[in-house]
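Student: So you can see what is in the structure, the chains are spelled out below.
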Amino acid sequence: MELWYTENHTPNVRFSIKVEKQLVSVESQFQRIDVFESYEFGKILVIDGYLMLTEKDEFIYHEMLTHVPMAVNPDIKNVLVIGAGDGGTIRELTRYQSIEKIDMAEIDKLVVDVCREYIPQTASKLDDPRVNIYYEDGLKFVRGKQDEYDLIIVDSTDPFGPGEDLFTKEFYGNCYKALKEGGILVNQHESPYYPHNAMAMQKAHKRIKSIFPVSMIYQAHIPTYPSGHWLFGFASKGLDPILDLKEERWNSLGIKTRYYNTQLHRGCFAIPNYVKELLENA
Amino acid sequence: MDQTSAPIYEALEKLRRDRVVHFDVPGHKGGRGNKELLQFLGEKCLKADVNSMKPLDNLNHPVSVIKDAQNLAAEAFGAKSCFFIVNGTTAAVQAMIMSACKAGEKIIMPRNVHRSAINALIISGAVPVYVNPGINKRLGIALGMSVSDVEEAIRQNPDAKAVFVNNPTYYGICSSLQRIVEIAHRHNMLVLVDEAHGTHFYFGEDMPVSAMKAGADMAAVSMHKTGGSLTQSSILLCGENVNSDYVRQIIGLMQTTSPSYLLLASLDIARKNLSLHGAEIFRRAVELSQYARNEINKLGGYYAFSTEIIDNDTVYDFDLTKLSINTRDIGLTGIEVYDILRDEYGIQVEFGDLGNILAVISTGDRPMEIERLVSALYEIKRLYSREPVGMFDLNYINPDVVYTPRQAFYSNKKTVPIKDSKGEISGEFVMAYPPGIPILAPGERITEEIIEYIIYAKKKGCLLMGTQDIKVENINVVEG
Chain A
1 MELWYTENHT PNVRFSIKVE KQLVSVESQF QRIDVFESYE FGKILVIDGY
51 LMLTEKDEFI YHEMLTHVPM AVNPDIKNVL VIGAGDGGTI RELTRYQSIE
101 KIDMAEIDKL VVDVCREYIP QTASKLDDPR VNIYYEDGLK FVRGKQDEYD
151 LIIVDSTDPF GPGEDLFTKE FYGNCYKALK EGGILVNQHE SPYYPHNAMA
201 MQKAHKRIKS IFPVSMIYQA HIPTYPSGHW LFGFASKGLD PILDLKEERW
251 NSLGIKTRYY NTQLHRGCFA IPNYVKELLE NA
Chain B
1 MDQTSAPIYE ALEKLRRDRV VHFDVPGHKG GRGNKELLQF LGEKCLKADV
51 NSMKPLDNLN HPVSVIKDAQ NLAAEAFGAK SCFFIVNGTT AAVQAMIMSA
101 CKAGEKIIMP RNVHRSAINA LIISGAVPVY VNPGINKRLG IALGMSVSDV
151 EEAIRQNPDA KAVFVNNPTY YGICSSLQRI VEIAHRHNML VLVDEAHGTH
201 FYFGEDMPVS AMKAGADMAA VSMHKTGGSL TQSSILLCGE NVNSDYVRQI
251 IGLMQTTSPS YLLLASLDIA RKNLSLHGAE IFRRAVELSQ YARNEINKLG
301 GYYAFSTEII DNDTVYDFDL TKLSINTRDI GLTGIEVYDI LRDEYGIQVE
351 FGDLGNILAV ISTGDRPMEI ERLVSALYEI KRLYSREPVG MFDLNYINPD
401 VVYTPRQAFY SNKKTVPIKD SKGEISGEFV MAYPPGIPIL APGERITEEI
451 IEYIIYAKKK GCLLMGTQDI KVENINVVEG
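Protein chains in written order, with the working numbering: chain A, 1 to 282; chain B, 1 to 480.
Hints in this document: simulated from the structure, not taken from any laboratory. Just so you know, not all the hints are guaranteed correct.
Residues from chain A shown here face chain B by an in silico Cβ test under 10 Å; the list is partial [what the hints assert, rightly or not]: (1) Asp137; (2) Ser210; (3) Val214.
Here a beta-carbon is modelled for each residue, glycine too, at the ideal position from N, C-alpha and C.
Next up, chain B with everything else stripped away, as it sits in the complex:
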């Protein structure tokens, strides 16, 4: 068997040809039981929506086609073992952290992690040691971790079990992963990598280093984000130092026992496609992204940043497929441009924050759509730009962690209006989604600065969430 095979896909095709009669779930029976859904998704799709059975293997105990597909994926990604995940990369991140740390054990991580990482801390009871990611003031974005900051955190917390790294961040920024792996391994710590935005690092040419290549121990890879599989499908990679059978048990604690074969087959086929054509696909994505960056920078007023921000410290490398565009100089926040693009021009970008928008360029893009984006940005500048006054300056707000996320989340709490919450300890998250990086995590002291930030972000139209109060006006805080 080699990378041209797709064992799960082939088993599903065989099952369809065999015309098996189904007295098992799912009850729609190839769509016959749900005509409207059948019409919407098509017969091929619904006939492939089947349950685990002998010829299709079992995700929680793989011995045949799923095992083969996972082995092919491990080979393609240069990992020792690989797990297909159907509960999103969130589940992969949680499995990494729970495999590495038990309750009360420490994990070193940058504060700009995705909420899934802090969720894992609530579930597992692991204790975060935050490293300050650098901030680029001009762009208003958090960066990567500097090697010296990681070294210092390790020195101060020699009992920590793992170091957690984003590779890259949502904006495409990479830390010096190889150096961090060296140092962490010297101190017997595992390195866990959130590669939600880094699938292409394994297949493209001249990309930042991937987690497995850098010698990291585990990596959570969102195949669905830039790799072409279906939404919610993801993979977890393990290196030499990890007991993969234990990891499988951890995954089994929370993963569904009815995994979707649509998702599994999409992982299988996407892996095959990337193995065979990945280099060409991502060469094209980089080309389109570079072209867009040049054209957008020619418009004036926008800054589509690239490798010039590399400083070998908090920005060790940059992912050229990410098209992040700073909008400050036209006097609009990223979230305002994001809304105008969608509402007025029918163009949906990945997200807008206070200073930037991010467009994802990947396997499915064509030059025509790039021209539309560039032209629409020109029009927005022509029609909506204003003096850039009263713009918010992002500062890294060093969190004052009073309780672990788990302690705070499960403590007795009371509800107070956010505007009056200064000095309290948060019992829940507040974040803008996307990007889903918490502004406040459970256990952190609420400061005046944080309150101002939340109110400003809300006013500018960021979609805030995380609190029990769906309007994000009140917050649950730890009762004193």
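Chain A with its partners taken away, still in its complex shape:
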């Protein structure tokens, strides 16, 4: 008997991982949550049939979402993370002693509960005393805040389903308001390759650009995400991700990473021509 988990990356392209067993399958009021044990990628978290993370390659995504903004402004003290129920983003942030407060707004408590039980690799730092978890819609949470955060990280699912409102203009506008002077917004920015992902990424970029004076895109290679080519958004009220990079200071912190380094930081903002074109035509 063979068990395979399959995600349709497009109606005509499939991505499959051979599964050893299913560890849990639960339905929350928002979505279906599954965890599988796989041979190649360790445990994998799947929401509504879409792969969210695997133990083998989650470091790439979580390091790129956190260390890029932290190296631009190592003085960041107050952080808001939206989504991130698996805890991976929080784990990376807690490595900075200088961060004083991490608020996390995750709509679905069941995702957190499942990850705490089955994927401690990412959920291990959710009990750090600096972390405050709010089980609330991200948009609702952020619209109640003003001048409060140095960094907002949007670690969302895709722009359909419960994460849909985290790709809207009203969401980005309310993030702008919740950020302090000099604040940074980093978000999961979909992929440029397959047309439906690319369209979501264009829309998100257009909306962020209309609100933030600095709005740039950087990339990483994540083997288990559609096309493997994934983008992130870096928007700020003034800081430039390359000109303002605090290379020496970040390296002096001695944070050991597996994907990120400050040389890669400079390079990841160099994007392919076809992606540039998509962004220009957004």
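Once you've looked at the hints, dock chain B against the given chain A.
Tutor: Relative to chain A, chain B alone:
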């Protein structure tokens, strides 16, 4: 048979299972003849798009499944009889008025009726007696009819055949329907109720009183607006005092003889759903609407009004599912906020007028969309608000009715620019759509105030219509 059945739906399912071969219309034959349409709407949908036949009954002469479905609906709505309508609530309103009044007979109505009611006057030749609906100046909206104004109109027009009431208005405002029914019945007048926005009154808890419960004689109910059926499907309810066989003949004068079974089945299934789950569905809608109102009122600059406007006179009750939001204090007209919401934030609300926007909250809404609306309103205030100067003050313009709508509509007319039309008698409608309440109806004298209003509404981006001139720059007036 009880409320868990849906006879039309069940008959359609049976027909599909029987794999009947069709040598009848429609010619697309289950979609085989129109591949692109089939792909767009799906096979299930096109296979249900069939014509009247014996197992499916006939809308204009119902004896089996349509009759059963209409009886179930009558039971669910507490009516003596019920008619399924496929030409929109417009047709239901027209059937009510034409059943109650013949040419030359009077009908008492508020001036803020939907155009369909005045259209019915053009077709039937009935004569309107307008009652001034109150105006809330702060909000710039027309309200309901006060009982004393209705009483006075009845006293002055004892020969009137019917009183026409909106329950509720587009903005959710109700008149004292029970008192109006009492008084009208005492004077042998029928009470006809436009419940285009009131389907939920029959199924929700703690709602304003419904027409049938209040003892009204007929009601036009837009099942498609808040009841979950397909667009254009509607029902007409009749009470004890009405000869429903005559009503059926009147409906048959204008209703299609090829009614869509998609619409009929949607009425059937929506009725079943409301009967079984309506209380829960509308409890949820009220909860969402109340939550949105509280959050929006916390933003400042917006006023999402509610039961505090009740004055037991022109506002006898308020429909809590309606989310009407006054935008005046941020210096923007409702129509401007309506446009920004759609163009910049991808949020479509029901309508914007000069002072308000209206969001419809119903069976299909979820908290996420409410959060988006609230957040977008905050952003609009942050980015677009200005000093509220030069805003238009709405006044009730008491119409000077010179001719009946029918006389004016069919008279000899000439075309003049609207800006130069002062003193003329209008031969056609001018209205903003939505909400579709005429600013001018045929037969009314055009005043300076009306011209100013039309020009202002146009400048602010209201979609004006009704005139033959598609640009609404010229108007046909009655030749003197």
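Student: Which hints, by number, does the structure contradict?
Tutor: The structure conflicts with hint 3 only, although it agrees with all the remaining ones.
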